[in-house]
Structures are given as C-alpha cells and as structure tokens.
Amino acid sequence: MPDPTVDLTTRLADATLANPVLTAAGCAGVGRELAPFFDVAELGALVTRSIQRDARSGLSTPRVAETASGLLSAVGQQGPGVDGFLATDLPWLAQRKVRTVVSIAGTTLEEYAELARRIGNSPGVSGLEVNLLEVAADPYQLGKVVRVVRRETARGVAVLVKLTSEVASVVDGAAAAAEAGADGLVLIGGPRGLSIDPATMRPRLGGVVGGLSGPAIKPIALRCVWQVHAAMPGMPLVGVGGVRTGADALEFLLAGATAVQVGSAILHDPSAPLRVRDELGDLLAARGFDRAADAVGYAHRKPDEEPHEELVQR
Amino acid sequence: MSARGPVQVRASVLSLKKVGAYHHLTLVAPGIPERTRPGHFVTLAVGGPDSALLLRRAFSAYRVRASGAYGGTLEIVFAVRGDGTRQLAALRQQDEVDVVGPLGRPFALPKEPVSCVLVGSGYGSAALFTLAARLQERECSVHMVVGAPTEEQLFGALEARRTAQSVTVTTEDGSVGIRGPVTGPLPDLLARTGSEVVYASAPVGTLGAVADLAAQHGAWSQCTVETPMACGIGVCMSCVLPVLGDDGITRLLRGCVDGPVFRGDRVRWEAAGA
Ligand SMILES: Cc1cc2nc3c(=O)[nH]c(=O)nc-3n(C[C@H](O)[C@H](O)[C@H](O)COP(=O)(O)OP(=O)(O)OC[C@H]3O[C@@H](n4cnc5c(N)ncnc54)[C@H](O)[C@@H]3O)c2cc1C
Ligand SMILES: Cc1cc2nc3c(=O)[nH]c(=O)nc-3n(C[C@H](O)[C@H](O)[C@H](O)COP(=O)(O)O)c2cc1C
Ligand code: FES
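These protein sequences, in sequence, are chains A and B.
According to the working numbering, the first sequence is numbered sequentially starting from 1.
According to the working numbering, the second sequence is numbered sequentially starting from 1001.
The set of hints was computed from the structure by calculation and includes no laboratory data.
Source: prediction; values computed, not measured.
All residues carry an ideal CB built from backbone N, CA and C; glycine is no exception.
One thing to keep in mind: the hints can contain errors.
Stated by the list, open to error - Partner residues are not named here, just some residues of chain B that face chain A (Cβ under 8 Å, in silico):
#1 V1100
#2 E1151
#3 A1215
What the hints assert, rightly or not - Label pairs and their computed distance ranges (CB to CB):
#4 A:A247 to B:E1151: 48 to 54 Å
#5 B:G1205 to A:G81: 29 to 35 Å
#6 A:A35 to B:G1205: 20 to 26 Å
#7 B:V1019 to A:S69: 54 to 60 Å
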C-alpha cells in the first residue's frame, strides 16, 4: 500500500493519475498479461505496446539479449494491428477502468492520423504516446507527426511524445514536440546497441541492432529529463529508463519528471510497478514531502537555496 | 475447482543436489504446486532486485508436492549453461528465490486409455514424470525413451523404469543403452505399441524429427518447445515461433503463453530453428 500521508496524484494534461508510476511501452503487453500479479487499475496508467495500423509479424528471433545490467531488444512491433486492439484489448482495459495510454507507431503521416483518429477518440483512452520510430531524431518530421496526431485526437486525451536520446540536442526535439501540441514528453526510448555472441561470432539479435534498456541507461535518461526540465520547466515529463526501485523513481522526479515508466524491470519482477509506487511514497514521506508534485525538479535548486529543515533526509 | 493462473512467491531452497550432469533443486514454493500441471514451467529470478541479470530463467516443473512437512514444494532439474544457471547452482539451503509459476499451457491428455510414447532428451526428461503419472491414472500405457549425448547427461533412466511399461535408453556415444539419437528407437516402438500419442521434451531439432515420425505413424504429437524467453508471461514477444493455425495460416505464437507445449504437426520446425 502507498504511504497514505503523501499525495501521489499526478496531472497529465486533463487527467489526474492516482500516482506517477506508469508502465513502459512494450513491457506490459496490453495489460491483461499482468493481471495475475497485481491490480492493473492501481497503476498511474498502463502504457500499451506500440499499436500499428496493420497486423505485423515483427523481426526475426532472437529478439532479446541480456547485457551487463541491461537488455537489448528488437521486437519489431509484432501485434494484431489496430482492429484487433480495439476489438479485444481496449475493451478489457476499459471494463476494469484501467487508466490507459496507447502507444501508437505509424510508418507514414496517414497512418499516424488514422491511428490517432481511431484510438484517440475511443472511450477508455486517457492518452496516446507517439512512438516516432525512424523520424524520432528529426525535429521537423517529428513536429509534423505530432501536429497530425494532436489534430486527430479528442480534446482531453493527452498526446505524449516519446523522444530519443540519440540526438545532438534533446531540447530541440522537445521544443519541436511542444510547439506541435504535445501535452507531455516521454524521455527516453532506449538508445541503440549491439551485442555479439563470442561462441557463434555473430550478432545476438536477429535484428542485429536493438534498443538498450534497464539500469544501464538510467544516467542517460536522467540527463535528458534534467536538460529538458531546465529548458522547459512547465512541460510534463515522463522519465523512462532503468527504473526498478522507488529510489530510481525519486531520482527522476528530482530531475524534473512528473511521472516515471517501469519497463524492463517488469520482465524481472512482474509486480515491480506497484512496488516502485510504494517505495516512492515511503521515500517522499521520509524526506518530508507531502505531495509528489513538490519533489518534481527539486534537484535543480540553487546551492544557496538550502532545503527546508524538514526536507533533509532523516 | 483447483486454483489457476500463475503466482509470484518468495520461495526458499530446501535442497540442491548434483545428479549426473545436472542440478536438482527443491524449493518450498507455496501456492505453486496445487496449480501446476504436467508441461507447465516456472521462472526464477537470479539474484535479488538489484541483480545485474535482468531476465528470469525458465525451467520445466519436474515434481510438485502440494503439502508435506515443509509446505508446498517444487522441484526443477537444470544444466549449467551460462551466468544465470551458474549462480542458481551456487544457491544454499534456505536461500530465497523469487519464483513465478506455473506458466504456459500444459500437455493435453488423451480422453481414452490409449498407448503413449514419451520422449525425453537430456534434462528434458524431467518434464515427463508427472505426465507419466497422470497418463497412468487414466489407464494409458506409457513407454518412455530417455536419451542424451552421454551417460552423464541422461536424466531419470532409473525413475523411468519404476514408472513406465517399457523404457528405452539411448546415448549418442553409446556409453549406455542404444547408440544414437533418441529418435532412433521410435519407429519400431511406435509400430510395436500402436501408440496414438507421442509426448516429447527435447531440443528443437529433435522435436521436429519426433513430430515427423509421429505423423508417419498416424500418431499425434505434443512437443514442449524451449524458445529463449525474456518475460515468460506474454508481455515481451521475444519467445515467438511459427505455428500453423486451424485456418491454415501460420502465425508467430508466443512460446510462453501459447506454448510451451504445441502440437508437433503444427509447428513450422524448419523455420523454428530445427
Ligand atoms: C519453457 C522452458 C523450459 C526450460 N526447462 C529447462 C529445464 O527444465 N532445465 C534446464 O536446464 N533448462 C531449461 N530451460 C532452458 C533454461 O531456461 C536456460 O538454460 C537458461 O535460461 C540459461 O540461462 P543462463 O544464464 O545459464 O545461460 P545464458 O546462455 O548465459 O543465458 C543468456 C540468456 O539467454 C536465455 N537463454 C539461453 N538459452 C536459453 C534456452 N535454451 N531457453 C530459454 N532461454 C535461454 C537466458 O534466459 C538468458 O536470458 C528451459 C527453457 C524454457 C524456455
Ligand atoms: C521487450 C521490449 C519491448 C519494447 N517495445 C516498445 C514499444 O513497442 N514501443 C516503444 O515505444 N518502446 C518499446 N520499448 C522501450 C521501452 O518502452 C523503454 O523506453 C525502454 O525499455 C527503457 O525503459 P526501461 O529501462 O525501464 O526498460 C520496449 C522495450 C523492451 C525491453
Ligand atoms: S517470453 Fe515474453 S512474451 Fe514470451
């Protein structure tokens, strides 16, 4: 149970989340898979795997390889496409009143528009998370996609944009997304990496290059959150990358994130998200915070702005 | 109605013994035994929450006891392959292990008391003993073929003798039993016993061959397939293999939730790495 003395509620555009802990796209399926382990409705929000317009069979196997304190994955968006998602997966989530953010991935502007129109106007959807795939690194292309998605999505449904760290300036991409109408930014999609098996002397992944995730990327994700928060203090940021404890989540809040996502930690511990929530509540309480929102960006304070007595760790 | 679906428990090590080339681990894992059916598997976390190994390791359930002096126990048999299994092999009595299970779809059982052949290779045999007992409760006759590359890598040959109507042992180096692959004795055994179902737990290449032989003899086959798994619970899509559906369309199904047991005639073995 979360510490009842700390207010964990978090604003996400027009929605109020019960707490700042979400799942990361691709690591919580479509929610149902986690139901044996905890009540999915208790999440701040569930972020689905990326939904594409058409059914996809994905990349060749192996799709996941373990690296030191990390995970390399190249799945290739296998899934039934938007029809299957709307017919079976979304109703399951809506029925259980799970706060749902649907990750969408298109290959053309038209596909993004169609996904946003169909999913972003469906009952039970609190937000869309735009997975930009190839265009993630180009602020101009990124802006075009976000504008289309925002235009086609119902008012009141948040449009979150997931950004990559693999750019010269993460702030430029963030500014482009904000300018195009993003309600929040998700930082970061895993940077790309490679792993080679010394036995076979070939790349470990069928797709050769994969996204790196897990504790190995946490410092990179934190750095991105820090930089974007410094440049755009009012922008809601969702930190993702290597969160597996409440302390990790606290670091992200202090760096400027309003919420965090738990991704590959779920593969290690399927009940990780609510554990992270509870640990975060305890840590905030121990530091004298009454509200999670007060911790957001707290690490940016100036050296002479000393914390109130009650905010120093006891 | 018995309990269903997986649970996540903090198990503790009751014993860890070396058996030939393998490690036989017995865990006190309340809640898991009463849910487990033959063919189910479990996943173990390696190390605590801050372990550098982020993926759980999957193992077939070897034996389960719902109640006993220590509460429910779960047994697995494993070979040391890399870091994860090396660390598991170093567990000590009373160490805690995070276990999720039972997972996957179990073996389908015949409705009639027919004759069945069970084929196990290496540690794969461990998955077959609770199945053999279940089949015998249904008055099926059970013929086991237990094979391995070497005698040291054989698992459960003696136990098979106590359990099954007939047992055939094979080793690739001929150190014990018939020399050659575990599939060697199958054609003759299938013909002789008129078996209608073949159950197999073996590496993918062997499973493809077993499925073909079963089909040639008009038997249906149930194969438990080991695909690399990152989550074991259906969220990550890493464990997929191509399987032919009732509608004639081949789809990439998840080994962890749609399997690990598949009909042998439905798996596209050549594309599944066989
Ligand atoms: C359904 C199922 C049942 C299994 N039952 C047993 C069993 O009863 N006894 C036993 O000894 N082994 C079994 N295995 C294989 C066992 O999971 C692997 O040997 C183990 O994960 C290797 O981990 P490692 O860290 O020692 O090896 P490494 O090679 O270092 O592992 C690296 C990564 O690859 C994965 N991996 C490597 N080989 C396999 C494999 N064959 N299958 C799945 N994942 C793999 C690991 O999970 C890990 O993420 C089973 C696998 C599956 C999928
Ligand atoms: C198996 C797996 C599948 C993923 N699938 C997606 C996906 O479909 N869409 C997406 O935007 N990100 C996907 N990601 C990236 C995660 O959402 C997240 O950005 C990344 O894993 C970093 O967070 P973590 O360290 O908590 O795992 C995936 C990651 C993993 C490990
Ligand atoms: S192992 Fe993750 S979906 Fe099967």
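So, going through the hints one by one against the coordinates:
1. V1100: This interface hint holds because 7 Å falls under the 8 Å limit.
2. E1151: violated, 25 Å
3. A1215: violated, 25 Å
4. A:A247 to B:E1151: 48 to 54 Å: holds, 51 Å
5. B:G1205 to A:G81: 29 to 35 Å: At 33 Å between Cβs, range holds.
6. A:A35 to B:G1205: 20 to 26 Å: Given a distance of about 36 Å, which is not inside 20 to 26 Å, the answer is violated.
7. B:V1019 to A:S69: 54 to 60 Å: At roughly 33 Å between Cβ atoms, A:S69 and B:V1019 fall outside 54 to 60 Å, so the hint is violated.
In terms of the numbered hints stated before, the structure departs from hints 2, 3, 6, 7, listed from lowest to highest.
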